[in-house]
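Here's the letter readout for the chains.
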Amino acid sequence: MAPFFVLSLVPSAVIRPDADTLLEIVDLQARVEDKPILKGVNLTIKAGEIHAVMGRNGSGKSTLSKVLAGHPAYTVTGGSVRYRGADLLDLEPEQRARLGLFLGFQYPVEIPGVSNLEFLRVSTNARRLEKGEEELDTFAFEDLVRERLEVVQMDPAFLDRSVNEGFSGGEKKRNEILQMALLDPVVAILDETDSGLDIDALRIVAGGVNHLASPENATLLITHYQRLLDVITPDYVHVMAGGRILRTGGKELALELEDRGYDWVDQELAVLEVA
Amino acid sequence: MVASIPSTGAVAATTWVTSFLQQLPAPSGEMEAVQWRGREALSRQPLPSRRQEDWRFTDLAPLTALAPAFEQTTSPLPSSWPEPAADVLRLRLDAPGDPLTGQSLPAGLSLLSSEEVQQALGHTLATCNCEQHWPVELNQATATRVLALRVSGAVATTLELVSEATGDGVLRPVRVLLLLEEKASLDVLQVQLGAGASLSSLVLEAHLGRESQLRHGLLALGEGPACLLAHLAVEQEPRSRLESVWASHGWALSRFEPRVVQVDGEATTNLKALQLADGQQLVDTHSRVEFRGPEGQLDQLHKAIADDRGRSVFNGAVKVPRAAQRTKAAQLSRNLLLSSQARIDTKPELEIVADDVRCAHGATVSRLQTDELFYLQSRGLSAAVAAGLLKRGFCEEVLRTLPGAAVAWSPLQRLLGEG
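Quick mapping for you: the protein sequence lines, in order, are chains S and F.
Be aware that the first sequence starts at 42, since it is given in my numbering, and climbs by one per residue.
Be aware that the second sequence starts at 426, since it is given in my numbering, and climbs by one per residue.
Simulated from the structure, these hints should not be mistaken for laboratory data.
Treat the numbers as computed from the prediction; the structure is a model and nothing was measured.
Treat the hints with care, since some could be wrong.
What the hints assert, rightly or not - Examples of chain S residues toward chain F, derived with CB under 8 Å: (1) Ala88; (2) Pro113; (3) Thr116; (4) Gly119; (5) Gly120; (6) Pro134; (7) Glu135; (8) Gly154; (9) Leu158; (10) Val163; (11) Ser164; (12) Pro197; (13) Ala198; (14) Arg202; (15) Gln220.
A virtual CB, placed ideally from N, CA and C, is assigned to each residue, including glycine.
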């Protein structure tokens with residue numbers, strides 16, 4: 042049976058041809074333990090762009106985000122990733138973060154006993170030092186964090202609690218976007234930020250992401266569902282399957298996925314794997 | 426037939442105890458009779474051996490490595506003691522003479538008379554079946570006085586009992602007796618500091634009357650070869666509440682023995698502990714909680730971090746006999762093992778005969794969690810800073826429950842050696 046669509050591995054049109062390339066992923070391959078997950082991912086992200094990666098469970102979306110952030114459980118077996126001209130894969134996770142790569146976790150980790158406020162201050166200062174800015178003392182940081190809390194409409198009481206401990210799913214995701222607002226990332230990767238959110242929380246979180254998007258930075262959204270893309274408009278939508286990006290298009294591609302499901306993606310993948 | 430030859434260790438232990446007893450000054454003062462009894466008991470009962478189940482993991486070599494000749498000299502007042510807050514009464518238990526000299530007791534606290542002390546001293550130890558326990562006998566053989574207080578009503582002032590054993594050959598026995606009357610309440614913070622080849626011995630007995638509340642904390646900070654043996658015996662009457670929080674680090678050898686008996690059940694016992702062992706330190710907690718009546722509650726959290734070649738031991742006995750129906754008991758032992766040469770032994774010991782009870786226990790031993798480390802690193806924290814933050818978080822869960830007076834001592838910084 043013929044595939045429904047012609048296979049396309051490159052964006053159909055370059056929206057910002059003159060913008061700086063922030064992230065350039067070429068033929069990226071990675072495994073966890075002995076299991077290959079990423080089998081040749083290609084993706085270029087320029088300043089000012091919002092990209093969405095969609096796909097079924099197990100397609101490699103979350104692995105891509107973790108490999109980019111440097112999770113030690115994943116081993117890169119091939120390909121390259123350039124981040125603002127540097128070899129990203131050569132950097133430790135904390136160096137990537139300090140240079141402005143941010144990963145919003147699908148499942149933010151609870152850390153009992155570690156004050157959320159103190160954690161946010163230490164991480165913000167690590168990033169500020171890298172940018173050549175002064176570290177903030179406790180008082181200056183509290184002023185900054187209270188201002189940024191408004192971006193995600195978060196109750197200041199969460200600052201006094203342990204990192205994510207006892208937070209609801211929505212509160213954890215807001216805490217992630219609060220961190221994003223404080224760390225001022227160059228490339229933000231948001232892994233299933235919409236999962237577990239009701240529609241009001243989704244709007245608040247998406248509002249925060251939109252608020253933080255600028256011509257100087259870029260966002261990579263990893264999601265299952267079109268509904269996130271109703272509130273954050275992507276420039277590019279990529280469909281991932283079998284550890285590769287199978288198709289790239291505009292927002293209409295997400296609508297098509299919503300309409301037709303992923304079966305056709307499986308068929309394209311089967312054709313590709315036979316080939 | 427070949428005669429059995431005692432092992433070198435046994436000979437050394439007996440010799441150590443004999444030498445120890447020989448060099449003690451003659452018993453005298455208000456504790457004379459108790460001292461005689463303690464010494465006689467020690468002379469019959471050498472050091473505990475690792476053949477005894479209770480001491481199986483506890484090598485007493487750091488104790489017997491100390492020269493057995495001690496003096497109960499006073500340490501100079503160290504500059505590292507923080508000023509107590511206004512609502513804290515600090516009593517120094519390592520100075521000669523009466524710790525109350527120049528101090529007036531706050532409303533609700535009064536000294537027991539000699540007759541009352543004679544009557545009450547050892548009563549709770551006997552109730553808890555630990556009056557003949559070796560660390561208790563050691564204390565009885567050496568303590569020259571006891572701080573014995575009655576608590577009536579709610580005492581607004583925190584009682585801070587500080588004792589320091591600094592210097593080679595210093596022996597520091599501390600004995601405290603608290604009688605809480607019905608509906609009385611008191612916060613007590615014990616601070617025990619040790620350095621050099623010294624030996625500290627603490628015994629605290631407390632009787633909690635009906636509906637009384639005791640909030641007790643022990644911050645035990647040692648250095649170098651210093652050793653500590655600490656024993657807490659509490660008997661609780663119905664509807665009383667005990668909160669006891671222990672935190673320790675730095676002793677070559679430390680042994681903690683909280684013993685609690687709910688005499689008629691229906692009381693609440695909360696025990697929390699944090700023990701850190703690194704270098705070649707050995708820290709051992711053997712706790713025992715016994716319910717002798719129905720509807721008692723226990724919530725116990727024991728946490729330990731072992732690093733380098735440090736060793737942590739926890740044995741948590743909970744006894745729920747037939748009379749203790751509808752007991753609710755939860756015990757959790759959480760341990761961080763930070764080095765391949767460190768060792769953690771943890772053992773719940775629940776003895777449940779009653780059939781209508783809810784008793785839960787759990788124990789975890791793990792390294793720092795990869796996902797937690799990665800989360801912090803992904804926010805720009807180095808692996809070392811992230812590990813430090815996780816360690817602090819692990820400790821904080823216990824430390825934040827110490828009586829408020831502990832804050833002045835900066836327990837986290839002192840425990841983690843951060844100055």
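The hints, checked one at a time:
no.: 1; hint: Ala88; in the structure: 21 Å, violated
no.: 2; hint: Pro113; in the structure: 6 Å, holds
no.: 3; hint: Thr116; in the structure: 14 Å, violated
no.: 4; hint: Gly119; in the structure: 22 Å, violated
no.: 5; hint: Gly120; in the structure: 21 Å, violated
no.: 6; hint: Pro134; in the structure: 4 Å, holds
no.: 7; hint: Glu135; in the structure: 5 Å, holds
no.: 8; hint: Gly154; in the structure: 3 Å, holds
no.: 9; hint: Leu158; in the structure: 13 Å, violated
no.: 10; hint: Val163; in the structure: 6 Å, holds
no.: 11; hint: Ser164; in the structure: 4 Å, holds
no.: 12; hint: Pro197; in the structure: 20 Å, violated
no.: 13; hint: Ala198; in the structure: 17 Å, violated
no.: 14; hint: Arg202; in the structure: 12 Å, violated
no.: 15; hint: Gln220; in the structure: 6 Å, holds
The structure does not agree with the numbered hints 1, 3, 4, 5, 9, 12, 13 and 14 stated previously, though it agrees with the rest.
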